[in-house]
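All chains should be modelled from the sequences, with the hints used to inform the complete structure.
The lines below spell out each chain.
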Amino acid sequence: KAGVTQTPRYLIKTRGQQVTLSCSPISGHRSVSWYQQTPGQGLQFLFEYFSETQRNKGNFPGRFSGRQFSNSRSEMNVSTLELGDSALYLCASSTSDRVNTFGSGTRLTVV
Amino acid sequence: AQSVTQPDIHITVSEGASLELRCNYSYGATPYLFWYVQSPGQGLQLLLKYFSGDTLVQGIKGFEAEFKRSQSSFNLRKPSVHWSDAAEYFCAVLLSGGYQKVTFGTGTKLQVIP
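Residue numbers (this note's numbering), protein chains in the order written: chain A, 7 to 117; chain B, 544 to 657.
These are calculated hints, taken from the structure and not from any lab test. Take the hints with a grain of salt, since some may be wrong.
[What the hints assert, rightly or not] Simulated crosslink set (DSS-like; lysine-lysine; CA at most 30 Å straight-line): (1) A:K63 <-> A:K19; (2) B:K592 <-> B:K644; (3) B:K592 <-> B:K611; (4) B:K644 <-> B:K604; (5) B:K652 <-> B:K604; (6) B:K652 <-> B:K592; (7) A:K63 <-> B:K652; (8) B:K644 <-> A:K19; (9) B:K644 <-> B:K611; (10) B:K592 <-> B:K604; (11) A:K63 <-> B:K644; (12) B:K592 <-> A:K63.
The structure displayed is predicted, hence computed values, not measured ones.
Quick look at the structure:
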């Protein structure tokens, strides 16, 4: 069975631009979570979606947003990019068993 | 404050030696506990989890972890390390009522020397 697919794998953007990252969960998984990983802050929870509704949100500014579609695929958007947004963005999907399966991530570089 | 602590940032072991990675958590109740491994530039792979029951849990790749409620610890162990185990290891917790908001420790980088 296919794993969690994140696209693109790598992205380079300029400060002030916006970016959209995509995540396709494992078939049948209705929960999708997003995490930001940086050397300085480690792994931080961004938000979680379940059945197209945001259930939980981390402590990030409003420039970070997300959504989930009816097929459980999810996107996250970062507007007005800053240098500090450079990170590995990880998506995870899960079922009611509470176990997250992670994708390989999208490496975002802001220049 | 609620937290997950991995006190060792880097650990170096010889191939074939035993390994123990430490993890302590600070929560009011026993959370769900996980260990993940990450190779450079990759996502996280689940090694094992503890929800309830037997406090010694077995995982993939020969890893095991022991939950000790009295010490709020969930240490990861492997009796004999292989060079391919070199990676970064993350302890993580999930509160039972916290949907899927997982809190991660800062990670321990494992180096394996021949």
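**OP:** List, from low to high, the hint numbers that the structure doesn't satisfy.
**Re:** No numbers; nothing is violated.
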